[in-house]
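**Student:** Sequence:
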Amino acid sequence: MNGQTAKKYIFHSLKAMVLGLFASLIMGVILRTLGSELEIPFLDRVGSLAMEGMGPAIGAAAAWSLGAPPLVLFGCACCGLAGVQGGGPLGALLAGLAAAECGRRVSGRTQLDILVTPIATLLAGCVVAELAGPPIGSFMRFLGGIVVSATQAQPLVAGAVIAVVMGMAMCTPFSSTAIAIMLDMHGTAAGAATVGCCCQLVGFAISGYRDNGPSGLVSLGLGCAMLQLPNILRNPYIWLPQILASALLGPFATTIFPMENMPAGAGMGSSGLVGQLGTIATMGATPQVFLLMGFFHFLLPGLLAWIFAGLLRKAGKIHDGDMRVSTTL
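Every position in the sequence shown, counted from 1, becomes a number in our numbering once 774 is added.
FYI, nobody ran anything at the bench for these hints, they're computed from the structure. Treat each hint with caution, since some may be false.
For lysine to any residue, the following SDA-like pairs were computed, each having C-alpha atoms within a straight-line distance of at most 25 Å [to be verified]:
no.: 1; residue 1: K789; residue 2: G841
no.: 2; residue 1: K1091; residue 2: D985
no.: 3; residue 1: K789; residue 2: L889
It should be emphasised that the depicted structure is a prediction, and the values quoted were computed from it without experimental measurement.
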């Protein structure tokens, strides 16, 4: 496997993990929060079940990303369940990938395929889950603890760094959602991450309004900041307004106006309003919380990005059309 193939393999695997997270944990958070706030027990139960299904969903997604045959894919769901228990989402992904790689190599090669394929799939995935899961889980929790501790020790600097890094990750294949969940990011660290992600989404929606119009407000502001990645590669200056907004607003979420979130919402920003639902689930549905979200998730990110983009346009660094996107990723 050469470097280019390895990079493609990693990106496809991470994308699959994010899809698995969306279909289980993140949708579960949305439904459970709605069920709790609207007092609809059914939504609450469905959301809780979806959140518990994160491991199987990631395992199946890993198999799907490799084009695994049906028997292998179904076995990988079980391996994802084994991997998530000790290693979290990354453990589920690795167990699913190991199971899929082994299963698809033996699939269809014997007369006892109905037995050999699922057994090989299950054994390979569960061995990886058993051996690699706990160390991976401990290491990711250790890294997450460092992030949270740094936020408490140096809230000003950590708030800026977390907001910038997580916001930038949202525009790349290295998913901010996966990072936040793998690191178990919570508390004000998660709050700063949410602000940083909102700065990218809302910032691009506002600063690129003249290129994308009302459709951009939805596709970027409430959708996917990675739509701008090709434009960022062509002209990195268009990224600067959002990065500066993140650096300025992130510290507010860890100091003067402390905001919190849960891991599933920390890396989502305003995408599908998951970050806001996570904030409500963590901090409560009070007028103060809605006011903070209004300012630090929407108004200020858009305003600052618009100001910085305007200055860069006047300086000749950003031109009309530089932020035009296709709404299909």
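**Student:** Hint by hint, which ones does the structure fall short of?
**Tutor:** Violated: hint 3 alone.
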